[in-house]
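*Asks:* Residues per chain, in single letters:
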Amino acid sequence: MSSSDHRPDGQTLTVSISPLFSTPVLEWLFWLVLAGMVYALTDNFDEPIAEYQFGASGWPRVLCAALAFGATAQLLYKLTRRRAEREKPADPSSGQESKPAHSGLTLGAKLQRAGVFLVPFLYLYVMPEIGFYVATPFFILAILLLLEVRSIKALISVTAVVHGLVLLIFTRFFYVALPVGRVEGFYDLNNWIIAFVRTGM
Amino acid sequence: MIEFLNGTLTLFGDPTAVMIFGFGLIGGMLFGAIPGVNMLTLGAVLLPFTINMDPNHAVMLFSVIYCAGVFGGAITAILFNIPGAPENAPTCFDGYPMTVQGKSGKAIGAAVSCSAIGGVASAIIMMAATPLIAGWAVRAFGPQEIFALIFFGLAVSASVGAETLWKGWLSVFAGLLIATIGTDPVGGVPRFNGGSVMGFEFSSYYLSAGIHFIPMILGFFAVSEVFVQAMSIAEGKRKRPKASLEFPSLVEFWSVRFTMLRSMFLGFFAGILPGIGATLAAFLGYSQAVRWSKTPERFGKGELAGVVASETANNSATGAAMIPLLALGLPGGALTAMIMGIFQIHGMEPGPLIFINSSDLVWVTFAAMFWANLFIVFLGWLQTKTVVHILNVPFRWLAPGILLLATIGAFALRNLTIDVWVMFLAGAIGFFLRRTGYSAAGIVLGLILGKLGESAFAKSMQLMDYDVFGFFSRPIAAVLLIAAVLTVASSIWNEIRGRELQKALID
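As given, the protein sequences belong to chains A and B, one line each in that order.
So the first sequence is residues 1 to 201, counted in my numbering.
So the second sequence is residues 202 to 708, counted in my numbering.
Zero decoy hints are in this set.
Derived pair list, reagent style DMTMM-like, types lysine to aspartate or glutamate, alpha-carbon separation capped at 25 Å:
(1) B:Lys495 - B:Glu453
(2) B:Lys660 - A:Glu51
(3) B:Lys660 - A:Asp43
(4) B:Lys652 - B:Asp668
(5) B:Lys660 - A:Glu47
By construction, these hints were calculated from the structure, which means they are not laboratory data.
Build out the structure end to end from the sequences listed, making use of the hints.
*Replies:* Shown next as structure tokens:
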């Protein structure tokens, strides 16, 4: 869809309008698919409840409809607003605004950004296996490295202080039960750490 | 007045009582401030020990923990975007942006002062009118009024933190939908914990308990903040927030006097209603501050009134929550239920007769809550002068600690790793929500109020024989529903008019 036939600077308009159009439609489709999927799932528990005629699925279905309605209203709003913006003369700065923020990033920076998201999930994945007490120092180190802490002294001292405080507060004083791992050697090691931290109690 | 003075003398004339008072105050503040543990953790740990305590001391201890715990979570909410407890979540909306702008001292100063003002006012009303108010609130507020109140709260606060009204509502609907995971509140039918979609079979035992809002709050606020800051560091754009010790001036306090009064009233009102409590009080206080502000667009970006509204309202709810407990024996939340437990352990039954049979206990409790709220100012001031300096520590060093606190907080809730997965997923989603203009606050609001709203709606429908117009036969429900509808209509109108104005300017 292009409005280039109406304006002499059609090329500029095509470039600036396409993302404006595609994003709201994609957003609308996202919400619609989500609402549709959730609605389909409500069939799994669409059973009557004694003395409540709307059943277990009534409320979630109303919410699915509300999501679809809201998404459609948003799409219509954005499309009509776009029409107003189309009337606006091309703004040289608008091209810069629509430029993705990460376009100038190096491969290292991109990996660093991906790492920030992936490391917590990796930590969560290994924690039940090797235990909180063993996995945590490595997690702290990984986060510090991802946040560009390069000094060996800082890496060691921050890891020691944060891990030490967590052990002291949550394990020694509050007795918070944290995963001790399922893998044999790690299970014993985690329990040994707990026993060590609680020495004298 | 005489009874209050007697209660105060009994409290401060007994060294054991003073020690217990101090322990409750500091313990409540600390437990309220550390994510992963909260005032309920402290209460649960201490409950068995109350068997051997004097009942006056035991009830007083828990009342003080309640007041201090509700305030404690504000500090971490303001400094690190980590609400210590759900009732401090709205404090993050403006408190943390103020920290980023180098106004952390003002934000904490406002939180300290308003928590104390809200709490003291609530304690005074509690002392003056407990039996009267309790009777009225319980008679006048049925499921219809509670549903209408929740609908009104959602209508007002839907657009908080969102780029547009539509994004705000979509966020709220998403939160309400997440709240339906678990079991249906009427028949206990399992929902969304198994089945098939597009030929893909799934089943999860963990989802039967639903998605708890605490991991979601920790994810949306604390974890997503770490992600945002980490991205800024990767892009070389991060600026360190300046630690500031500057308290709000009297002029600034004067400018938010109506917000304070309104939040006080709303907080007190929400606190009386069983099951509503300080969390909804804080959200209602905040949403009404946005509703009545001349500059609503500044909320969510570091507006002092946002912190004032949330903190006044949640502390106002503490005194109010004691009213149905003492006067009618109806605990409104988990901590008041523990206090009820103390009464039962000691063979007492809360209710109208408690004012006659255990007058000492009632007045020592009232006096303790009053003084605890006043002491919050002093302890909060000390905290402001000390804790704010944590901001001088580089964020790179604090981030692992923040993530670990959030991890432990999410895990310790139910000892489930899935809660930690939910938290990190919410963190990642929260990061993208911030970039796309959706509202994390809206999702959290929907999630917190969803179950309560559905339950109240179902009960209302059953009571009214499925006649929707039955809501309008009850004056309070009718007023709240009409106000909600008008709020929605006016916000849609403002959104459209805003667009037309924009078009006119372009023309």
